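K.L.:
Below are the chains, spelled out letter by letter.
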Amino acid sequence: MRSLSRTTWLALALIAVFALSLFVGRYPGLVLLSPERLVSDELAQRLVLNLRLPRLLTAVMLGMSLAAAGTVFQMLFGNPLVEPGFLGVSQGAAFGAALSIVLLSNAAWLVQGMAALFAFLGLGLSYLLARRARFGGWVLRLVLAGIAVSALFSAAVGVLKYMADPLRQLPEFTFWLLGALSSITWAHARSIAPVVLIALVVIYRMRWRLNLLSLDDATAFSLGVAPGRERALLLTAAVAATAAVVSVSGMVGWLGLIVPHLARRWFGADARHALPSAMLMGGLFAVVCDDLARTLLAGEIPLGILTSLFGALFFVAMLATRNIRAER
Amino acid sequence: MMAQHVPLLLFDHITFGYQPNRQAVLRALSLEIEPGTVTAILGPNGAGKTTLLHLALGWLAPQGGQVRLGGQPLGHYSRRELGQWVALVPQSERIPFDYSILEYVLLGRAPYLAPLDMPGVEDCRISEQVIEQVGLGPLNGRAVTTLSGGERQLALVARALAQQPRLLLLDEPTSHLDLANKARLIKLMQELATRGVTMLLTTHEPDVAAAIATHLVLMRDGQVYQTGRLSEVFTAEHLSETYNVPVSVAQVDGRRIALWT
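Taken in order, these protein sequences are the chains called A and B. Per the working numbering, the very first residue in the first sequence carries number 43; after that it's consecutive. Per the working numbering, the very first residue in the second sequence carries number 19; after that it's consecutive.
Hints listed in this document are in silico derivations from the structure and should not be mistaken for laboratory results. Please read all numbers here as calculations on a predicted model, not as lab measurements. The beta-carbon is built from N, C-alpha and C at its ideal position, and this holds for glycine as well. Certain hints may be false.
[Stated by the list, open to error] Just the calculated beta-carbon pair ranges, DEER-fashion:
id, chain 1, residue 1, chain 2, residue 2, range
1, B, A79, A, I57, 49 to 55 Å
2, A, L146, B, T164, 49 to 55 Å
3, B, Q37, A, T278, 40 to 46 Å
4, A, L334, B, T164, 33 to 39 Å
5, A, Y246, B, E250, 56 to 62 Å
6, A, L54, B, D196, 47 to 53 Å
7, B, T163, A, L54, 27 to 33 Å
8, A, M205, B, T163, 23 to 29 Å
9, A, R247, B, T163, 25 to 31 Å
10, A, A190, B, T164, 56 to 62 Å
11, B, Q102, A, L54, 39 to 45 Å
12, B, P264, A, T278, 31 to 37 Å
13, A, Q87, B, T164, 51 to 57 Å
[Unchecked claim] Computed footprint of chain B on chain A, listed as stretches where at least three residues anywhere in the stretch have a Cβ under 8 Å from a Cβ of chain B:
id, segment
14, 111 to 121
15, 263 to 275
16, 306 to 319
So that you can see chain A by itself, here it is in the shape it has in the complex:
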């Protein structure tokens, strides 16, 4: 029960940081908005309710989705080194969304639909390519295939960037590719919430099955599991959640790799504890990074830059202290 109470602490921390973050920003002065000002200042009220609240909710959804999807990917592929960004899912979603913005329209439903479509396509391509490759173990093939597919989509995004209208589309587009929550409105938050909620509930309710699915197929089968069907369901949920958040936030890297890893180290490998803690830590990490993104400099720092910086630093530290272990 020890880890249960620690998870509760984590949940309380997320709520506290979330509440505090509503007052953090650059209006009216640097960093903190005083509660009295909030009561008297109508502009401050509108700022908090119409800009910061949807933005913070989206940050929580983003962090939770990427961390949950990262946990699912790592456990289903039995490999602590994969995340949606490694298997062409994030890049696919980014390409789909960009394609919609540049060539079709930036209507929310279309951007999200295209992001989801290409996210699944990215995963499918990585999987097929890994199946066809003729060298190395399964995990190595999967990671290499994911890198190749991601590179392909990145290049395609580059082409779209070149085609984008330099005055009208390009600045916004570039910022979005770096990962940012600066232009999030209630419409964005509302449009992704249903998909994200359903996907996260599915993953949460099936979290103990993740342990079973991390074993070899024949073993999982001998334990009464339907490995193919259950994997497909969990992957669908993970990819759908990732595509939804990427479609509004752009590319936010590394979170999905590092957070599940830390959650496993601190709360144990069993996904009954590791998954909820990873989701809470992901939410917390995204909210804190976004607080920094909007206060550190006068202009916004793209969120993706901060998460990549912290994530990569963590990763280097973990590699250096040999805390990553991968068999096969």
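Chain A is fixed; fit chain B onto it per the hints.
P.N.:
Positioned in the frame of chain A, the structure of chain B alone reads:
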């Protein structure tokens, strides 16, 4: 008329090949496993021993013939029912994350849980009991991945026992173990046998078979070459034929051992 005789597991003229246009691994193979027996399948590498176990699980489906469990074809059972009937101790298993011994053994309770269920108090009690039974009690709390090869094999057995199966399949259970761990595992299997656990194991070591089996199946070229009680089948002549090298059988402390000459 006598009561109808129903073996626990029946392979009825099984034909199986991994690829349709290549030679079949098993050809019209028939075999019966009686409840309460310990049957060792002995044969050279590539004789189709592991394939046979995977067919008994339902993981592989035969192209010809039928596998029957408790008198019913495997298709009669749901996947979870199959998991309650038959458990597998794989030859080796990749464990990608640092599950504790208890967390790992609890996975054996999956056949008794619906897809959205979590293991409960009773599942924990049963798991802790089998952990004691295999002798891992003192190590409880350690991660499975930090165990030695022998201890890890015991953890695999414990997980299979947590399924409370009527039939325990063991695929080369001793092949990676040193002498002391081999002795430890064989002793555990002997204890399980005295409790009436039906076991079907594959091995390429005749001495392991001689130490625990009541019945022996000699396989060669995808077919059963000889089968019967250990005392009848474990002979120099049969073993020589199976492995295609001259083998002599000696008796030491009441146990038979095979020597190649």
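K.L.:
Now tell me if each hint is right for this structure.
P.N.:
The hints, checked one at a time:
1. For A79 of chain B and I57 of chain A, the Cβ-Cβ distance of about 52 Å falls inside the hinted range of 49 to 55 Å, so the restraint holds.
2. Evaluation of the 49 to 55 Å hint for L146 of chain A and T164 of chain B yields a pass: the beta carbon distance comes to about 54 Å.
3. Hint check: Q37 of chain B to T278 of chain A, Cβ distance near 31 Å, so the stated range 40 to 46 Å is violated.
4. Distance hint check for L334 of chain A and T164 of chain B: the Cβ-Cβ separation is about 38 Å, which falls inside the suggested range of 33 to 39 Å.
5. Remark: the range hint 56 to 62 Å for Y246 of chain A to E250 of chain B is upheld by a beta-carbon distance near 57 Å.
6. At roughly 50 Å, the beta-carbon separation of L54 of chain A and D196 of chain B lies within the given 47 to 53 Å, and the hint holds.
7. Take T163 of chain B and L54 of chain A: their Cβ atoms lie about 32 Å apart, and the range 27 to 33 Å holds.
8. Evaluation of the 23 to 29 Å hint for M205 of chain A and T163 of chain B yields a failure: the beta carbon distance comes to about 50 Å.
9. With their beta carbons about 27 Å apart, R247 of chain A and T163 of chain B fall inside the hinted range of 25 to 31 Å.
10. With their beta carbons about 35 Å apart, A190 of chain A and T164 of chain B fall outside the hinted range of 56 to 62 Å.
11. For the pair Q102 of chain B and L54 of chain A, the beta carbons lie near 41 Å from each other, so the given range of 39 to 45 Å is met.
12. Take P264 of chain B and T278 of chain A: their Cβ atoms lie about 59 Å apart, and the range 31 to 37 Å is violated.
13. Remark: the range hint 51 to 57 Å for Q87 of chain A to T164 of chain B is upheld by a beta-carbon distance near 56 Å.
14. For the segment 111 to 121 of chain A, the stated coverage by chain B is satisfied: 3 residues place a CB nearer than 8 Å to a CB of that chain, which reaches the threshold of 3.
15. Taking a C-beta to C-beta cut-off of 8 Å, the segment 263 to 275 of chain A contributes 7 residues in contact with chain B, enough for the three needed, and the coverage statement holds.
16. Remark: the segment 306 to 319 of chain A is confirmed as covered by chain B, as 5 of its residues place a Cβ nearer than 8 Å to a Cβ of that chain, reaching the required three.
This entry does not satisfy hints 3, 8, 10, 12, going by the numbered hints stated previously.
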